[in-house]
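> Residue strings, one per chain:
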Amino acid sequence: MSAVVQETPQIRIEPSKGWSPLRLRELWEYHELLYFLAWRDVKIRYKQTVFGAAWAIIQPFLTMVVFSLFFGKLAKMPSDGVPYPIFSFAALVPWTLFNYGLTQASNSLVGSSHLITKVYFPRLIIPIASLLSGVVDFLIAFGLLLAMMVFYGIIPTIHVLWVPALVLLTLTTALGVGLWLSALNVQYRDVRFTLGFLAQLWMFATPIAYPSSLLPERWRTLYGLNPMAGVVEGFRWALLGTATRPGPMIFASAAASLVLLITGAFYFRRMERNFADVV
Amino acid sequence: MSDVVIRAQGIGKRFRIGQQQLYRTVRETLTDAFLTPFRRSGNGARLEPRGPNTFWALRDISFEVKQGDAIGVIGPNGAGKSTLLKILSRITEPTTGVVDIRGRLSSLLEVGTGFHSELSGRENIFLNGAILGMRRAEIARKFDEMVAFAEVERFIDTPVKHYSSGMYMRLAFAVAAHLETEVLVVDEVLAVGDAQFQKKCLGKMGEVTRQGRTVLFVSHNMSAVQTLCQRALWLGQGRIVEDDLADRVISNYLRSATTTQTDRIWETPSEAPGNEAVRLRRARVRPAKGDPGGSITVQTPIVLEFEFWNLEPDAHLNLSLHVINEMGVTLFNTGPVKETVWHGRPFPRGLFRSACRIPGNLLNDGSHRVHLLVVKNQSVVIFRQEDVLAFDVSDTARTGWLGKWPGAVRPDLDWSTEFLAEENGAPALAEEQSVR
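As given, the protein sequences belong to chains F and L, one line each in that order. Per this note's numbering, the first sequence starts with residue 17, numbered consecutively. Per this note's numbering, the second sequence starts with residue 1106, numbered consecutively.
Simulated from the structure, these hints should not be mistaken for lab results. Just so it is clear, CB atoms sit at the ideal spot from N, CA and C, and this is done for glycine as well. Careful: at least some of the hints might be erroneous.
Unchecked claim - Some chain L residues well away from chain F (every beta-carbon gap over 10 Å; in silico):
| no. | residue |
| --- | --- |
| 1 | 1198 |
| 2 | 1283 |
| 3 | 1311 |
| 4 | 1320 |
| 5 | 1382 |
| 6 | 1398 |
| 7 | 1416 |
| 8 | 1434 |
| 9 | 1465 |
| 10 | 1472 |
| 11 | 1481 |
| 12 | 1525 |
Claimed, not checked - With a Cα cut of at most 30 Å, we get these calculated DSS-like pairs of lysine-lysine:
| no. | chain 1 | residue 1 | chain 2 | residue 2 |
| --- | --- | --- | --- | --- |
| 13 | L | 1247 | F | 63 |
| 14 | L | 1304 | L | 1247 |
| 15 | F | 59 | L | 1247 |
| 16 | L | 1247 | L | 1309 |
| 17 | L | 1247 | L | 1171 |
| 18 | L | 1309 | L | 1266 |
| 19 | L | 1266 | F | 63 |
| 20 | L | 1394 | L | 1443 |
| 21 | L | 1309 | L | 1171 |
| 22 | F | 59 | L | 1171 |
Only chain F is shown next, with the shape it has when bound in the complex (with noise of 0.2 Å):
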């Protein structure tokens, strides 16, 4: 042993009661695993499937000719000026990225018993990590949207900018509901069986299929309630230049957003202590 004094930390281990502290800085010194654990899924994702990373735009591509064939051809769905495919694809890549994060949060603290039982961590770094890996497809499925674009001769116009904190509002809203969902999850495993309806509802519930221009305008800010609804049309406007200028309803997103993911990551770390036991 070196002589050297070297800062030694102190750790006291106690019960502890009610609701605990986040502790961001222990989660910072622990950036390098977040990127390790969320680096492992992004290589093992796409293992020993035939299509490989394909299936990162075979999803939402479908979708969309769904979409396209039944909303847009046969029920002449309006689209705010665009070609309704591209109308709905500038969505369904938001959206794909929230619907994954959201299900592989909620799942990665069930999924990871082995690691919860055995090291410890903050347990925080395991929904984020696995919502994380997700962005890798995002990046493929939007080189698709902006080749479309190309193909549709859209050219964007200056806002394309605010895509990345469109991007991180998604990501924001994916963990705070992600970190509810996975909490409960270990407790109750009913969660599991409620994701996928949650998820398609949710769906329903954001302009996607639909322009949100169908609303009165003074219900849309409400409307941005649903973070996800703000960032759906906050695309269309950056990428497509619809006149959806999101305003007070990306504000009314950012707030539901914020507030998903503070509740979440305290009542996370309020069930913290218990899911070593439990998982």
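Knowing the structure of chain F, use the given hints to seat chain L on it.
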């Protein structure tokens, strides 16, 4: 004192038992929520669930660990050893009590935590290292060393699903073996793998303890605990039974774990151990001379005696005995090859008695167990009874040194000493010795 690394005070851990322990359904929680208001005690604190549905896996555990201590945690299954390690590693919270830990602590409750079969050896080293709390730079620095330790150089970029189980274990342990935290908590990881692997692990563990790092080590392997640890903590039913020098605790623990069975008689054949070919009637151990119930010391010649029914005509039978000491080491296996009357002859149906004489000054002191095998045609084991006998061999009075006599056996061997030369007749030799 500042050199206390771990101070645990009154740790307790309560679990709910039954199916509810796994996970609750929403219905249960709703019923709970409705009932909760009626369950509050006077001071407003929620009454904890109690009664038959909860149990204490640990209770009132207090101890201190000093810098550089190597402590073995022993006890039967379910004694709370793993729970204690999980609390120290912060995997689970105690229900009561406080632990203060000074320095970085890493825990090794399993080797290869987080290994993914699709990833290569290289990738798994980084992933596993990160999970165990190493920095990426630290892993990169020790990478070559780990690969060499695991002896998997050629396969380092192959997915570990193609590894043999031995390679997999070596790689997994290699990562863990290079942890450099001040306090290391290890749970029974040495119980897996083949003998060579275990030897390698034990060697590495020994190295770690010699470096002056603090180690807490759970194991069922008493020899390992005795080799690696100066001190042992004996847990039984969630409490500390004894906390003292390893040798002493282990010997007490082992004594408590074996109940002696020196004379067993089965009067009713249907209740006796056996099968359609043979059935035991009596098994006993006794001193070769004198009172059959007399005490057995390291010097006493003893007889292991078995009466059994042979139920098949013309069977070529022989007994075979394994004598095992308290460390779980098989001292020897013996059969009646030198017996002259019945060995090699067909046994008619009927009652037989075989006896084996063990000379004095062979067994060491401590508890011993005997496994009995009945062998047909000198090759087929037709019946096996483990722990058919268990007996203690006590030490005799000694003068001079009083410590535990080391060794699996304690033979009384012939020695000779000769006087070779007077001191001034061999100055060179004397000088040489004094230099040493």
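> What hints, given by number in increasing order, does this structure fail?
Of the numbered hints, 1, 22 do not hold.
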